[in-house]
Amino acid sequence: MKFHEDLIDGQFYQLTSAARRGDAAVVKMLLDRSQSKGIEARDPDDRTILGVAAKWGHAISVAVLLDFGADIEATDRWDCTALWVAARYGHTQTAALLLDRGANIETKTARHPLPSSPLLAAMRGRHYDTALLLVQRGADPNTFDLYHQTPLYLAVRNQNQALIKALLDRGADLHLRTRSQSYPLFCAVIQNNITMVHILLEAKGSPNLIGSSGYYKGQMPIVIAMHKGYTAIATLLLEYGAYPGRAWKPRDHYSWRWNPLQGWSARSPLLMTVILHIPRKGPWMEQMATMLIENGADSNSIDDDGNTPFFCAMITRNVAMMQLLCKFGADVYGIRNGRTVLEWARIIADPAIDAFLGEKGIHEKCTNDPDDINHDVWKPSP
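So in the working numbering, the last one in the sequence shown is 382, and the numbering has no gaps at all.
Worth flagging that the hints you see were computed from the coordinates, not collected in a lab. Heads up, some of the hints might be wrong.
[Claimed, not checked] Taking lysine-lysine and the BS3-like style, the derived pairs with C-alpha atoms no more than 25 Å apart in a straight line are:
no.: 1; residue 1: K360; residue 2: K327
no.: 2; residue 1: K55; residue 2: K37
no.: 3; residue 1: K217; residue 2: K204
no.: 4; residue 1: K217; residue 2: K228
no.: 5; residue 1: K28; residue 2: K55
no.: 6; residue 1: K228; residue 2: K204
no.: 7; residue 1: K165; residue 2: K204
no.: 8; residue 1: K55; residue 2: K108
With the sequences and hints as input, model every part of the structure.
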């Protein structure tokens, strides 16, 4: 411990104990008795008496210590100042007092396991009143932590609309991404919070952001909304200019081992609507596809492996989607892996598909001849 030479151990513990319980009168009496000597004495965590009072949120004790000359920027073993500690534990009144006395609002904890500013400390502790105070007092809205998470991203993740608006008013950047390549808009879409999505889009957030690596590689807000079935959010994104024809690359775990759809191929949102919703067939999937096509998506878009929406619908045995795509002019005579629709229909051997193709006059009912089925076609194309 770094005791002051004129302050004996008993007095130090009396002072820290009084600061911890918020007994400002005792703090003042002890400091008067020692003539302010030892006010910068520290405990085993290198924390000053001011830091102890700030941690427990005793604003009056903090004011007394500052009046007696306590160093407002003194740090502990983790580089935490009194303001950082007050913000971390959500003591808004104490934080306001420290700011009034000139505390540095942007000090960062370099030796802390999660280096951050007081604003990020308040956000991580979910102390939104304290965070709002710091924003209003001029804290940097674009600071970020070890994971490159900004205050705006954390506010969106925790669905605090008042704080989101305050950060945007202070110039928070909507397009700063985290280390995992996520954006605030991604987070709002995933949570199916249409109000937050609308706030971010109104603040000129781009609806066509693309993750470049990691978990969100190739993801776009419109594709996330379609994958989760959030029709209202997908509609809102399209209204704000989401481009339905942009190609993107799926993640590894969206591939099937023995399926010709496997592979890292550029695919349009319409194509992914058909592919990604195989386990979740329902009327909303057709609604998504209709909405995309009506907003300019190409019903005959093709990826690097030669897959079209119609082929994907057929290979997944989704007759309703096949009917919808035909209604919008899908090409039913395309060739995939050197095989026509007729040949693929024979391989699939699904009576519903045979009946649909027969109604369209494309061919007569297929026969299920096992000798004609080449199982190698289910392997990914080279």
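Hints versus structure:
1. K360 x K327: holds (11 Å)
2. K55 x K37: holds (22 Å)
3. K217 x K204: Roughly 23 Å between the alpha carbons, so the hint for K217 and K204 holds.
4. K217 x K228: holds (17 Å)
5. K28 x K55: Holds: K28 and K55 sit about 18 Å apart, inside 25 Å.
6. K228 x K204: holds (24 Å)
7. K165 x K204: holds (13 Å)
8. K55 x K108: This hinted pair holds, its Cα atoms lying about 17 Å apart.
Hint check: no violations occur; every hint is consistent with the structure.
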